[in-house]
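Engineer: Just so you know, the protein sequences line up as chains F and H, in that order.
When we follow our numbering, the leftmost residue of the first sequence carries the number 1, and every step to the right adds one.
When we follow our numbering, the leftmost residue of the second sequence carries the number 303, and every step to the right adds one.
Because the hints were derived from the structure by calculation, they are not lab data.
Errors might be hidden in some of the hints.
Ranges between beta-carbon positions, derived for each pair [claimed, not checked]:
| no. | chain 1 | residue 1 | chain 2 | residue 2 | range |
| --- | --- | --- | --- | --- | --- |
| 1 | H | Glu415 | F | Trp17 | 45 to 55 angstroms |
| 2 | H | Ala372 | F | Val267 | 38 to 48 angstroms |
| 3 | F | Arg20 | H | Ala434 | 19 to 29 angstroms |
| 4 | H | Glu413 | F | Ala248 | 50 to 60 angstroms |
| 5 | F | Leu178 | H | Lys439 | 47 to 57 angstroms |
| 6 | F | Leu178 | H | Lys425 | 50 to 60 angstroms |
| 7 | H | Ala523 | F | Ser197 | 22 to 32 angstroms |
| 8 | H | Gln499 | F | Trp17 | 46 to 56 angstroms |
| 9 | F | Glu200 | H | Arg382 | 16 to 26 angstroms |
Cβ-to-Cβ under 8 angstroms is the rule here; a few derived chain H residues that face chain F [said to hold, decoys possible]:
| no. | residue |
| --- | --- |
| 10 | Leu347 |
| 11 | Pro377 |
| 12 | Val385 |
| 13 | Thr397 |
| 14 | Phe404 |
| 15 | Arg407 |
| 16 | Gly410 |
| 17 | Ala414 |
| 18 | Arg417 |
| 19 | Lys425 |
| 20 | Gly428 |
| 21 | Arg452 |
We treat Cβ as the ideally placed atom computed from N, Cα and C, and that holds for glycine.
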Amino acid sequence: MNVPWRYFVGESLRQAWRQRLLTLVAMAALGMAALYGGAWALLWRNALQLERSLGAAEQLVVYLRPGLSPPAQSAAQSAAQSVSGVAGVDLVTPQQAADELSRDPAVKSALALLGENPLPPALKVRLEVGSPGEVAAAAAQLQALDGVDEVDQGESAVENLLKVSGIARAVFLGLMALFSAAALLIVAAVLRLSAWSRREELGIMRLVGAGRGFIRAPFLLEGLLQGLAGGILAAAALAGLQTWLESALRSALGVDTAALLPAGMDVWLALGLALATGALGLLGAALALATVKVAYEDEGAW
Amino acid sequence: MIELEGVGKSYPGGIHALRDISFSVGRGEFVFLTGPSGAGKSTLLSLLTLQSRPSRGRVLLDGTDLGRLAGSQVPLLRRRMGVVYQDFRLLYDRTVFENVAFALRVLGLPEAEIRRETYAALKNCGLKEKAALNPRKLSGGEQQRVAVARALVHDPGLILADEPTGNLDSDTGWEVVRLLLAAHERGATVVVATHNQAILGAVPKRRISLRAGLVDNDVPAPEGGFDEQLPPPAVREVLDHFKDMGLGAGAEAPE
Chain F
1 MNVPWRYFVG ESLRQAWRQR LLTLVAMAAL GMAALYGGAW ALLWRNALQL
51 ERSLGAAEQL VVYLRPGLSP PAQSAAQSAA QSVSGVAGVD LVTPQQAADE
101 LSRDPAVKSA LALLGENPLP PALKVRLEVG SPGEVAAAAA QLQALDGVDE
151 VDQGESAVEN LLKVSGIARA VFLGLMALFS AAALLIVAAV LRLSAWSRRE
201 ELGIMRLVGA GRGFIRAPFL LEGLLQGLAG GILAAAALAG LQTWLESALR
251 SALGVDTAAL LPAGMDVWLA LGLALATGAL GLLGAALALA TVKVAYEDEG
301 AW
Chain H
303 MIELEGVGKS YPGGIHALRD ISFSVGRGEF VFLTGPSGAG KSTLLSLLTL
353 QSRPSRGRVL LDGTDLGRLA GSQVPLLRRR MGVVYQDFRL LYDRTVFENV
403 AFALRVLGLP EAEIRRETYA ALKNCGLKEK AALNPRKLSG GEQQRVAVAR
453 ALVHDPGLIL ADEPTGNLDS DTGWEVVRLL LAAHERGATV VVATHNQAIL
503 GAVPKRRISL RAGLVDNDVP APEGGFDEQL PPPAVREVLD HFKDMGLGAG
553 AEAPE
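In isolation and in its complexed conformation, chain F is listed as follows:
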């Protein structure tokens, strides 16, 4: 049996046009959900970029045991270099450390009072990894190396920033879920109303021999198309908003927005958004059809 796709598409478009006000309401609801979804996706992508860029500057100080011989210090440097996520390692001998600290006259006189250099040899480790988990994992590996006394991760302002960004993402995610649920209910209500207003027509179709699939296909397609359209419109709106924001920031503050918003709307995000919203529309249509009864048939006749 041929699947009459042309008929189904034509039928769904015809119905959408016939009830264009309801179609617009459904598309607006789906578009709002998509707008939130897209904003969340953009925030997530930019936060990820931010994490990576902040993480790239992360540096650990690995203190070696005092009195460790220079060959052992070099061995520890080589071992640290091979740890996953480490971008570079500089060895700081006790003398180099003392010289550096001695730039401060107070520290210099304190060191002179001690007579013997109390500073241990150390490794300055630059990491190429970004997330707090990855930094902690690298620190644990460095701590386990031979000759290592202590690993100092320092004050993690980055970690705080990342926490804030994580909270923001969670809040957006929650809002997006709420908007999606609201959009789903609106689409289901709109399509249920549409099916209800056509229950006599659908009943006649059943009498002529149309199966459930034949009757449902145009409705499901209508939900899918509404979702796709809502998603595409939302992606276009987000792209426009982003362009406007970049331009406004650039002219008002002279800020390089490419650094602030490194990950913008692209084809893949727009496509993902449209498909996700299409799926939401499809689900709404399926929900609507599950509850509509057609005319001319007894309860439970089929």
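Fit chain H to the given chain F structure using the hints.
Structural biologist: Here is chain H on its own, set in the frame of chain F:
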């Protein structure tokens, strides 16, 4: 083809539309189902069209018990029949062509075949020129002919008609009867529910009379003998048709 065995149909509130109906209709037979309003004709047809299920007894169509048929099988069975209703039941947001073509679309036929068969059916029912119109623009008789074209377009083995002439004037009613007789002539089994005495008197076919949900009378097709007092010209056409078929040899069309 159709067998009813002790069929009853009750509705909530103690309404018994059918009480104990038993009869059978053979393949290729033409049967009138008659009786006064409320006798149970439409209820009986609704069981055959699977719009409802019997409360008691069995309704068999080609050996299939319709009361036990799975929901998924209902559309498949309906595609094997053509149904004409008194209130036409057309799709008023589509053209005449689309209404008739719909019966072929559900069969999943290719578009070219749908177009060919639909135009053939419209031509057969004298509606080819009206194909692009909305059914609302047609007269009652024409709308009923659209319904008949839709019922016949897929050449079904069983045609059911529930008061097909009920909303039509005499001449247009006879046109519909002519179309049903022509389908019967091509081999279809036809069951027509009607209380139109003019048609019952003129067309020599088996009559099953219902009264208060019971079979009151089951009269086999008479040997000829048409009522010659019926109005021309559509009657003349029917009578001529029967004479051509060698039926009702004693009948003469009114001058």
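Engineer: Among all the numbered hints in the text so far, which are the ones the structure does not match?
Structural biologist: 1, 7, 10, 13, 17, 18, 19, 20
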